[in-house]
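There are 2 protein chains.
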Amino acid sequence: MITENTSPAAGTVSAEEALKYLLLLVDVSELYNHSLGTYDFDLVIMVAEKSKKDPKEYLPFLNSLKKMEENYQHYSIDKHLKRYQKALHHLSKCGPEHFTEFLNLVKDQKLYNEALKLYPSDTQEYKAVGDAYGEYLNQKHLPEQAGLIFARCGAFEKALDAFVNSGSWQQALCMAAQLRHTEDKLASLARGMAGKLVEQRKHMDAAVLLEQYAKDYEEAILLLLEGAAWDEALRLIYKYGRLDILETNFKPSLLEAHRNHLLFLETQKAMFCRHKKRLLVVRELKEQARDGLLDDEAPNCPESDLFSETSSVVTTSDMGSKYTHSNSRISARSSKNRRKAERKKHSLKEGSPLEDVALLEALRDAIRSTDSLKGEVRSLLKGLVLFDYDAQAQELQQALEETLHSMECSLPVIWSADLQHGPANQVLGPNSTANSIMAAYQQRRSVAPAVQDAELLIAPKLNKNIQWKLNLLQ
Amino acid sequence: MITENTSPAAGTVSAEEALKYLLLLVDVSELYNHSLGTYDFDLVIMVAEKSKKDPKEYLPFLNSLKKMEENYQHYSIDKHLKRYQKALHHLSKCGPEHFTEFLNLVKDQKLYNEALKLYPSDTQEYKAVGDAYGEYLNQKHLPEQAGLIFARCGAFEKALDAFVNSGSWQQALCMAAQLRHTEDKLASLARGMAGKLVEQRKHMDAAVLLEQYAKDYEEAILLLLEGAAWDEALRLIYKYGRLDILETNFKPSLLEAHRNHLLFLETQKAMFCRHKKRLLVVRELKEQARDGLLDDEAPNCPESDLFSETSSVVTTSDMGSKYTHSNSRISARSSKNRRKAERKKHSLKEGSPLEDVALLEALRDAIRSTDSLKGEVRSLLKGLVLFDYDAQAQELQQALEETLHSMECSLPVIWSADLQHGPANQVLGPNSTANSIMAAYQQRRSVAPAVQDAELLIAPKLNKNIQWKLNLLQ
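Residue numbers (this note's numbering), protein chains in the order written: chain A, 1 to 474; chain B, 1 to 474.
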């Protein structure tokens, strides 16, 4: 508004008139700030006078502004008005003597990206801003992004540290190359990073570091064996002519992996059977409790202790019609429960209200973790066959096959049709009444447990795409 | 039985008596074969005589057997009785002059595994059997397993070919080492395999071959760029001091990948919107058709053409109670449909009976393929930021963010609560009657489409674990 009024075409008189009118409508200090924002001192003073502000209040400030170089003046006004991006822009034009002030403003207001755009990337200023940005990102626990920024502004030492900290080993090596590290220094950097990668079970990456940068071929091969990367281990064994490792480490590692897999499968199978048995018991108990309630002919009464918690969570939508008043409380509680459930899994403790859900979850997890072994096991089977351990290979293939088979056979029992659709459909015969259908619904609720995660009600799928078995073992 | 009767304690007389009795009970030629299987000629002749067989039939055969060396005799009897595993065992003891016969039996009866167990692995026989086994596995299109067997029996040339054919490049290199390939030969082997790996989009593996075996560093780097393996490409660029490639290829590749990603996201978004719109139309149409039927008060009448196919598949369980006689036919048909659906996806053609299912599937796939970009995009964003392409990085991050956001916002519309549970719950009020509940059921059926894959009725989950965004771009 002010901009239009102060345009030459409008003239001073109409501006004054407009101002008077404006002062009736708008807050005085807001108008003062707006006029200040135009960097037009005549206008500012006019507004200040009309606003009946105390001149002692604004004149010293305006006078000090008037004495400043234009860019610095604009910067000072922008800063006063908290227009930090504009302030930054004007300050950047004030020459190197104001750069410290610039950098402080960048840090205070976290205007790093904006600041980087104000200087060409080969300037000292760009580097200084980048350096500060990197430090800031490091503080924010974003070392990888800090590394990228450090690298961009040539702070290679800091970039190297940041990349090492974030596990970006390839980028770290690039920085080491920029810094012209000696071979020894490079080797020790590689060893350090390899150690960290092994902790994250990234054995292949760790082996590349040891092979190519520390030139420690034997250690590289041992890491690959530790990571069950049999093919890659063999490749290095032959590449470096270290066939002695076949006997000393390769075969023993194969056999150890074989034992571990068998043990794991045994544990999974036993746990699966135990959970499945218990699930059927829990379902039976719930059904009995429900039947007891139905016999009392009080389908709307508060539910038994055994699954009261359960129902209050599941049946939010369906209780809504009955208890509209408490709906918000219930849904707030249910979403709180949901968040809680997402944080920690449901309790498998016997008798806990969501025990059936916890069991379903545990059963699903057992199936998934067994199914996900297929690739690994195939790779191990190939290693065993290559070194004549046919009997062991056969044993392992059979063990996984049997475990998967028994799990698959249990799917219809655990994830019965009732679980997803409820038995209500079968109840809709010609003789059904509202009460019989209601009863069926109540029963259905007792079978289908309280689940926030709808996926839990669907049988997990086994991966049929992966051909993991070796035909020659059959 | 026979074994017991011929034991010394039982004596010949009781054996004869038992035999007479047995002949009343058992088929004659079966008993003859059993006796032959004991390799006891006295017993065989006794059985033959009592059985009133023509001596011209069996005597020449028995006489020829009697003249044979014992192992060969046992082998011949086993073979005659089609006991091939035993036959193989006996034949393996007959010395090298019978090895051709042995090998033919192995091939005829595919007893490779059994045969390998009969010879120590350092013998010519073991190698010959292994060689035949490998050929057999190759014929069965199992080149990797053929390679393992060839390698085991020292047929390294054949193993090399088999491993190359199966894409087992590491194993192939091991074989080349065994064969003491020259550097040139190794390089050309590596180039050949790298080409095949690139076709399978295994750029990292291909690059290892070119770098380490063909020593073609530039080509290795270009492959990594083609595979969008930015970190690894940078590592090799610095490892081999080829910083010129940063300008000639790295940056152009980054920008190309940036363009491709934006284009892909745009296409996904447009397709998603189109399918979503159409799904709502199809649902509306089905509901209208259903309402029309309900108005006629004929909820059990054959359904309209629009979704007749649909219902005949879905409602198997619920039609079962009404049409018990045709149940088996229906379920046979539904499982046939299921198999068909698994082979090819449902038709997206407008008006096709399972159009809503096809649309759900297409929407889910669009969400999954967009969600799965996160890792790739993060890696690309890092590359862009490293080389000062902040604007492009920002654009891409925003594009993916917006696409994912709009998909996520659509989830409750596409995978509405009705879809999984049906609106029936809300109908179970105090005033509900059997008819009102029935009607609700019918309606529910029209909303929830005919789905064999229950997962389709559940909203796909976006991966919240991956932190793909760069904070510095926000």
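I should point out that these hints are in silico values taken from the structure, not numbers from a laboratory. Some clues are possibly wrong.
[Said to hold, decoys possible] Here are the simulated lysine-lysine pairs, DSBU-like style, with alpha carbons at most 30 Å apart:
hint : chain 1 : residue 1 : chain 2 : residue 2
1    : A       : K202      : B       : K374
2    : B       : K464      : A       : K140
3    : A       : K251      : B       : K382
4    : B       : K86       : A       : K374
5    : B       : K382      : B       : K277
[To be verified] Label pairs and their computed distance ranges (CB to CB):
hint : chain 1 : residue 1 : chain 2 : residue 2 : range
6    : B       : K469      : A       : K86       : 43 to 51 Å
7    : A       : K464      : B       : R274      : 29 to 37 Å
8    : B       : V413      : A       : K117      : 37 to 45 Å
Quick caveat, the model's predicted, so the values are computed rather than measured. Every residue gets a Cβ at the ideal spot worked out from N, C-alpha and C, and that includes glycine.
Holds or violated: K202 (chain A) with K374 (chain B), Cα cutoff 30 Å? Holds: K202 (chain A) and K374 (chain B) sit about 20 Å apart, inside 30 Å.
Can you confirm whether the C-alpha distance between K86 (chain B) and K374 (chain A) stays at or below 30 Å? violated, 34 Å
Given hint K277 (chain B) paired with K382 (chain B) - CA-CA distance at most 30 Å: Measuring from Cα to Cα gives roughly 36 Å; hence the hint is violated.
Verify the CB-CB distance for V413 (chain B) and K117 (chain A) against the hinted window 37 to 45 Å. Given a distance of about 40 Å, which is inside 37 to 45 Å, the answer is holds.
So if I understand the rule, the pair passes when the alpha-carbon distance is 30 Å or less; does K251 (chain A) with K382 (chain B) pass? Outside the cut-off at roughly 41 Å; violated.
Given the proposed pairing of K464 (chain B) with K140 (chain A), does the C-alpha separation stay at or below 30 Å? It holds: about 20 Å lies between the C-alpha atoms, which stays within 30 Å.
Outcome for the supplied range 43 to 51 Å, where the beta carbon pair is K469 (chain B) and K86 (chain A): Given about 28 Å between the Cβ atoms, the range is violated.
Using the beta carbons of K464 (chain A) and R274 (chain B), state whether their distance is inside 29 to 37 Å or not. Once the Cβ atoms are compared, 32 Å apart, the range 29 to 37 Å for R274 (chain B) and K464 (chain A) holds.
Checked against the numbered hints given earlier, the structure breaks hints 3, 4, 5 and 6 and satisfies all the rest.
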